[in-house]
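Here is what each chain is made of, one letter per residue.
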Amino acid sequence: MRHLHVYAVVLLVAFALVYARVVNAYWIHVAIVSMIYGILAASWALLAGYVGQFSFAHMAFASLGGYTSALLVQWYSVAVPLGMAAGLVLSALFGSLIGWVCLRMRGPYLAIFTLAFSEIVRIVLLSEHQVTSGPAGLRVAPLLQTPSRVPYYYVALGLLALCLTVMGLVVHSRWGLFFRAVREDEEAAGASGVNVVRAKILAFAVASGFAGLAGAFYAHYIGILTPELGSSDQMGLVVAMAVIGGLERLPAAVGGAIGVETLQEVLRSYGPWRFVLFGALLLLTMRFFRNGLLAPAWQRLLEARPVGSVLTSSREVRKGHRA
Amino acid sequence: MNQDEALVRAVRLCKRFGGITAVDAFDFSVRQGELVALIGPNGSGKTTLVNMLTGHLNPESGEIFLRGRRVNGLPSFEFAALGVGRTFQMSQPFRRLSVLENMLVPGLTRPRSTREATAACARVHLKFLGLAHLETLAARNLSGGQQKLLELGRALMLEPLIVFLDEPFAGVHPTLRSEIIERILELNASGRTFVVVDHDMEAIQRLAGRLVVMARGRLIADGPPDRVREDQAVLAAYAGV
Numbered sequence: 175m176r177h178l179h180v181y182a183v184v185l186l187v188a189f190a191l192v193y194a195r196v197v198n199a200y201w202i203h204v205a206i207v208s209m210i211y212g213i214l215a216a217s218w219a220l221l222a223g224y225v226g227q228f229s230f231a232h233m234a235f236a237s238l239g240g241y242t243s244a245l246l247v248q249w250y251s252v253a254v255p256l257g258m259a260a261g262l263v264l265s266a267l268f269g270s271l272i273g274w275v276c277l278r279m280r281g282p283y284l285a286i287f288t289l290a291f292s293e294i295v296r297i298v299l300l301s302e303h304q305v306t307s308g309p310a311g312l313r314v315a316p317l318l319q320t321p322s323r324v325p326y327y328y329v330a331l332g333l334l335a336l337c338l339t340v341m342g343l344v345v346h347s348r349w350g351l352f353f354r355a356v357r358e359d360e361e362a363a364g365a366s367g368v369n370v371v372r373a374k375i376l377a378f379a380v381a382s383g384f385a386g387l388a389g390a391f392y393a394h395y396i397g398i399l400t401p402e403l404g405s406s407d408q409m410g411l412v413v414a415m416a417v418i419g420g421l422e423r424l425p426a427a428v429g430g431a432i433g434v435e436t437l438q439e440v441l442r443s444y445g446p447w448r449f450v451l452f453g454a455l456l457l458l459t460m461r462f463f464r465n466g467l468l469a470p471a472w473q474r475l476l477e478a479r480p481v482g483s484v485l486t487s488s489r490e491v492r493k494g495h496r497a
Numbered sequence: 007m008n009q010d011e012a013l014v015r016a017v018r019l020c021k022r023f024g025g026i027t028a029v030d031a032f033d034f035s036v037r038q039g040e041l042v043a044l045i046g047p048n049g050s051g052k053t054t055l056v057n058m059l060t061g062h063l064n065p066e067s068g069e070i071f072l073r074g075r076r077v078n079g080l081p082s083f084e085f086a087a088l089g090v091g092r093t094f095q096m097s098q099p100f101r102r103l104s105v106l107e108n109m110l111v112p113g114l115t116r117p118r119s120t121r122e123a124t125a126a127c128a129r130v131h132l133k134f135l136g137l138a139h140l141e142t143l144a145a146r147n148l149s150g151g152q153q154k155l156l157e158l159g160r161a162l163m164l165e166p167l168i169v170f171l172d173e174p175f176a177g178v179h180p181t182l183r184s185e186i187i188e189r190i191l192e193l194n195a196s197g198r199t200f201v202v203v204d205h206d207m208e209a210i211q212r213l214a215g216r217l218v219v220m221a222r223g224r225l226i227a228d229g230p231p232d233r234v235r236e237d238q239a240v241l242a243a244y245a246g247v
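Protein chains in written order, with the working numbering: chain F, 175 to 497; chain W, 7 to 247.
Keep in mind that the hints were calculated from the coordinates and are not lab data.
For each residue, glycine too, the CB sits at the ideal point set by N, CA and C.
Do not take every clue at face value.
Stated by the list, open to error - A short list of chain W residues far from chain F (calculated; beta carbon distances all over 12 Å):
# : residue
1 : Thr27
2 : Asp33
3 : Gly79
4 : Arg92
5 : Leu110
6 : Val130
What the hints assert, rightly or not - Just a few of them, taken from the derived set where beta-carbon distance is under 10 Å, the chain F residues facing chain W:
#  : residue
7  : Arg354
8  : Ser366
9  : Val370
10 : Glu422
11 : Arg442
12 : Ser443
13 : Pro446
Unchecked claim - Restraint ranges, calculated between C-beta atoms of paired labels, are given here:
#  : chain 1 : residue 1 : chain 2 : residue 2 : range
14 : F       : Met460    : W       : Arg22     : 38 to 48 Å
15 : F       : Leu451    : W       : Arg146    : 30 to 40 Å
16 : F       : His346    : W       : Arg22     : 39 to 49 Å
17 : F       : Leu451    : W       : Thr142    : 37 to 47 Å
18 : W       : Pro81     : F       : Pro282    : 21 to 31 Å
Isolated chain W (complex conformation):
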């Protein structure tokens, strides 16, 4: 890939926790409009990587570029301002805020935003996500799947260039999972870029045109799903060999 085309590019990223190397000299890039799945066994460093690419963790070494601009060391709110949205492995809605207020928080951080225009935009997204009828409900009263959808909506309120979804299907009922997949595909079709981290291979197959596989903090495969599935290193990593 031409490096100038990359929307997000990570160069030899490293992160250690004590004696454990969570992410080890990891190179990674995503183009505008791609839908990339990031997979790997538990503890392979996927969430740590996402945390670094969204400003929630500082890498010990390596560099992160967003549209060619070096963004290492910026706090998470500046990543958000630059158009990097994310959801969390365990849903983290603002529990005692209503569904609409959850959506207003990111919307009102946008420059020159007004409450009326932001609320109107939030309602459009809530309708798209099937949460419009719940806008006055406290987020803590939503089901697990609805909370995942709300987090996606919150990320969309940032008008993001790219959205990192960390395990969006974990603990979600199959019906709602299909709904989340449909929404992600529709958003991707309209040009939105996604990186999806998950273990649900069926969902990943339906979603992603490109699989990136991590094991022990390293990149072990990157390519179309069919090719990656046959990769011996991937099979070995999942078999624990």
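Isolated chain F (complex conformation):
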């Protein structure tokens, strides 16, 4: 009981490991795309939920990562994993740059700035069709030389685990605490000795880097890359996933991504109406569940303790309040 969340994680991992062996290729594909969105939603949650930086350029970084890797492989015959690593690094560098430029921007100003940057990236990719093949799409070499989706599934699972582990280490380090302090009050964080500039740039770099990695993996999995990956529709979808899951918990954001992507497929027969449902779900979450639908459950799981100790600690808190 004391480590309930550990059991929950072990169960989830066991389920994820056997999933690809028991479902058909279609649902494996859905799971792979869900995990890519999971990386995107969690990395956006790191930036928005932990540091309070509501950037709408996240999918532009995914595009940058995808095109960087695809073009490096196409032009210089670089090994695909190296291309993906280059996509991660370039997106992280651009992310740091955007983070530095946006240092003094908050709220709507940051949102509009990053939206404009995102559109610039999309339109450049659309216009430079000699390089990117524009809206027709760039043919991308596959990561794995196999017709089966199962190996891709395990690579996606590994990447998701890697991203969550690295981001988890960051948010549980002192920098995670500094991120939250910056989110709460930049002025007070500075007065407390936090280097606010470094915290914001670090957060932008980590989040954008993982967005770039997700974009690169997506490109080499699907095999074709269009500038629509960086569209505001895609950005809206990632925001909805992170918000519905819970912005301030990385696993909750991943849960949101998997839930929304799976629902999209289950409700496919309803056509565009399913997006109306997601919109309504997003509105309800924002209105009634500010911490998302999954984050409170994850939090409860983390805090699960033997019944006796829960009673003791809550009694102590009440006693403290009275004092």
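Fit chain W to the supplied structure of chain F, relying on the hints for placement.
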């Protein structure tokens, strides 16, 4: 005062906002272990001065020295690293962080700090401030006075050479105000240097051995409270003459 003895020294500091001169050629110094009260009518430039002396605002001209080192233009986090702590006029706790996490933030910015040692140090300060039983509570759930105490605790976690307290008694219940005064006096007795900005003259009388009075961005009086209270320029500034 011998300039070499000064812990913090400001020389002809100026700050303008548009056409308004908030601080005008202000000279000011504080010695190690002093407890100085900075007073003045609303809009006299006290908070602007504190903001410059803690790195939150850059002066347009003039110089700031900390233990003889020129620190103009450094960002606020470097002031904090050099041992300058502060609280804010309107409490600015990290609202959704717990009381203990609020204390850990400045503590973990210290070089070679570890989470365990910092938490132990934070708990000592929280006990001293009477907040130990609230350590798991989100800071937004504290009362106004408790938030002021928490801000003081956060400043103490920097192991500061000097702490600037901007209106620590504003909106605080008299009982808690007395508690804050007691804590400041105890810390000062142990060698901590304070500059307290406030309008509460009763509290100021109990606290400070030296009063510095500002009006319209300028220094109009500096000395022991008894002498400053009789100063004609001070009386005129407060009477609005």
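Requested in this report: If any of the earlier hints don't hold here, list their numbers in rising order.
Outcome: 4, 5, 11, 12, 13
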